[in-house]
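Number of protein chains: 2
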Amino acid sequence: MRWVRFAADNKQSFGILEGDQVLEVRGDPFAGYERTGTRRALSAVKLLPPVIPPTFYAAGLNYPEHAIAAANKRGEVPKLPTAADIGYRANNALTGHGDPIIIPADASERVQYEGEIVVVIGKKAKNLSEAEAMSCVFGYTIGNDVSERNWQTGDRTMWRGKNTDTFKPMGPWIETDFDLEAARTTVRVNGQEKINFKTNSMIFGIPHFLSRMSRYLTLYPGDVVWMGTEGAAENLKHGDVVEIEITGLGVLRNPVIREGA
Amino acid sequence: MRWVRFAADNKQSFGILEGDQVLEVRGDPFAGYERTGTRRALSAVKLLPPVIPPTFYAAGLNYPEHAIAAANKRGEVPKLPTAADIGYRANNALTGHGDPIIIPADASERVQYEGEIVVVIGKKAKNLSEAEAMSCVFGYTIGNDVSERNWQTGDRTMWRGKNTDTFKPMGPWIETDFDLEAARTTVRVNGQEKINFKTNSMIFGIPHFLSRMSRYLTLYPGDVVWMGTEGAAENLKHGDVVEIEITGLGVLRNPVIREGA
Numbered sequence: 001m002r003w004v005r006f007a008a009d010n011k012q013s014f015g016i017l018e019g020d021q022v023l024e025v026r027g028d029p030f031a032g033y034e035r036t037g038t039r040r041a042l043s044a045v046k047l048l049p050p051v052i053p054p055t056f057y058a059a060g061l062n063y064p065e066h067a068i069a070a071a072n073k074r075g076e077v078p079k080l081p082t083a084a085d086i087g088y089r090a091n092n093a094l095t096g097h098g099d100p101i102i103i104p105a106d107a108s109e110r111v112q113y114e115g116e117i118v119v120v121i122g123k124k125a126k127n128l129s130e131a132e133a134m135s136c137v138f139g140y141t142i143g144n145d146v147s148e149r150n151w152q153t154g155d156r157t158m159w160r161g162k163n164t165d166t167f168k169p170m171g172p173w174i175e176t177d178f179d180l181e182a183a184r185t186t187v188r189v190n191g192q193e194k195i196n197f198k199t200n201s202m203i204f205g206i207p208h209f210l211s212r213m214s215r216y217l218t219l220y221p222g223d224v225v226w227m228g229t230e231g232a233a234e235n236l237k238h239g240d241v242v243e244i245e246i247t248g249l250g251v252l253r254n255p256v257i258r259e260g261a
Numbered sequence: 262m263r264w265v266r267f268a269a270d271n272k273q274s275f276g277i278l279e280g281d282q283v284l285e286v287r288g289d290p291f292a293g294y295e296r297t298g299t300r301r302a303l304s305a306v307k308l309l310p311p312v313i314p315p316t317f318y319a320a321g322l323n324y325p326e327h328a329i330a331a332a333n334k335r336g337e338v339p340k341l342p343t344a345a346d347i348g349y350r351a352n353n354a355l356t357g358h359g360d361p362i363i364i365p366a367d368a369s370e371r372v373q374y375e376g377e378i379v380v381v382i383g384k385k386a387k388n389l390s391e392a393e394a395m396s397c398v399f400g401y402t403i404g405n406d407v408s409e410r411n412w413q414t415g416d417r418t419m420w421r422g423k424n425t426d427t428f429k430p431m432g433p434w435i436e437t438d439f440d441l442e443a444a445r446t447t448v449r450v451n452g453q454e455k456i457n458f459k460t461n462s463m464i465f466g467i468p469h470f471l472s473r474m475s476r477y478l479t480l481y482p483g484d485v486v487w488m489g490t491e492g493a494a495e496n497l498k499h500g501d502v503v504e505i506e507i508t509g510l511g512v513l514r515n516p517v518i519r520e521g522a
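These protein sequence lines are chains U and B, in that order. The numbering of the first sequence is the numbering used here, which starts it at 1 and goes up by one. The numbering of the second sequence is the numbering used here, which starts it at 262 and goes up by one.
Just chain U, with the same shape it has in the complex:
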């Protein structure tokens, strides 16, 4: 099942995507919903980030080549993370499929994409074993963890390096039926493939992360966990269109605008 969140008729709703039609629901997929009789063409609604999470988790370094590339760029000896220590992103930065990524005028040229699979939590959960961990998962979507590298490494925190408004496109929808082991993640800029990797080739897999997190943290319905990206990215510039595709989850596509360009 595919869940969208969308704006139409001056309100925001959740809906079920059936082919190219969106069936509007009352309520939401987490707390409960009922179907309405309202159907719209997918092309006629504005897609929103498919959920605004209570807490926005992000794994950060979680694929080997990306961790090595990041260390090399800093002139450091590559060191893979030794524990699944989860990080955070911020809701202000979320934007939907089709919305522009807006680069502030004072950002450097080093603004880069990171294509990521996103786990969407469906049930309140604490102290899950790895064997139990996937029972709290509602579905999956796609994230683009846009990053300004000078701010990311130069500031004391990742506030504007990772969390500038529009730097966190998420969507296009949440898919509840997904074959992680078969999936590949592909990043394209202006139609040209830049990166293509096996989505599940993570340093720490989803069950391990969720189990470890839930020893200390209660997971809540609607929480999202961005699982990290692979490879070394290139810079995005004004006028680019960046696409993240994950097998079975669709394509997250966003144009890039630089303020003042």
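Keep in mind that the hints were calculated from the coordinates and are not lab data. Since the model is a prediction, treat every value here as computed from it, not as a measurement. Using N, Cα and C, we set each Cβ at its ideal position, and we do this for glycine too. Misleading hints may appear alongside valid ones.
[Stated by the list, open to error] Quick list of in silico lysine to any residue cross-link-like pairs, SDA-like style, CA-CA up to 25 Å:
| no. | chain 1 | residue 1 | chain 2 | residue 2 |
| --- | --- | --- | --- | --- |
| 1 | B | K385 | B | G466 |
| 2 | U | K79 | B | E337 |
| 3 | U | K73 | B | T418 |
[Stated by the list, open to error] Pairwise CB distance ranges, derived in the manner of DEER restraints:
| no. | chain 1 | residue 1 | chain 2 | residue 2 | range |
| --- | --- | --- | --- | --- | --- |
| 4 | B | T414 | U | S108 | 51 to 57 Å |
| 5 | U | N200 | B | D416 | 20 to 26 Å |
| 6 | B | N461 | U | S129 | 43 to 49 Å |
| 7 | B | K498 | U | N190 | 55 to 61 Å |
| 8 | U | S201 | B | A268 | 44 to 50 Å |
| 9 | U | S108 | B | T343 | 26 to 32 Å |
Given chain U, work out where chain B should sit, using these hints.
Using the frame of chain U, we list chain B on its own:
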């Protein structure tokens, strides 16, 4: 005006505190509300964190003695932050006035309080000058930024060091009429004063933080910004009661429990 959020009759509501009576409202102070005829004694309701923020900001190092003490403990040369780079905390960790701080069984002895003033945002805001910045503030409350120091410094992120469930007591209420310049922050453990500092003796003040944040981030109604703490803290142990008092904002009081103790 004092705003509380509380649980009673199996639901959660906002209310206006008038003396020792809570007047229940429909809606909330951010999106709009209307008064109901229901009044309850403050002592008869369970106080909740006075808001669950869309984004939970925290300044981190923002008072000189705390920054110096933190560096000394790490054997580093004290270096004050040179820019107001905001950080983050996580909603799962929020708990209300009176609720226990629960220390996980595998935490070290180095679990410590940090008494902080919390700014509550009332209006959507972007690109505020310092002169305009306070116009987006709804009110103020108190936070205790409980921290496990070994995890805080040893993990790759501050996920369990700062964001373990119950590590972020906030409350008891939001005060909209507040004299920041006159306020002092006092921390007491088991009734004994541990720290007492001028609340506004920050390295970077509230207008500067909000202005700088809003250059890159949209602030939203209900967002909270924890402004940091002063001084060096001591360890909290099972059975302690920790109180943070800020002049005009009341007292945030929480007992401490260690799992398995």
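To see whether the hints hold, each was checked on the structure:
| no. | hint | result |
| --- | --- | --- |
| 1 | B:K385 with B:G466 | holds, 20 Å |
| 2 | U:K79 with B:E337 | holds, 23 Å |
| 3 | U:K73 with B:T418 | holds, 21 Å |
| 4 | B:T414 with U:S108: 51 to 57 Å | violated, 30 Å |
| 5 | U:N200 with B:D416: 20 to 26 Å | holds, 24 Å |
| 6 | B:N461 with U:S129: 43 to 49 Å | holds, 48 Å |
| 7 | B:K498 with U:N190: 55 to 61 Å | holds, 59 Å |
| 8 | U:S201 with B:A268: 44 to 50 Å | holds, 45 Å |
| 9 | U:S108 with B:T343: 26 to 32 Å | violated, 19 Å |
In this structure, the hints that do not hold are numbers 4, 9, in rising order.
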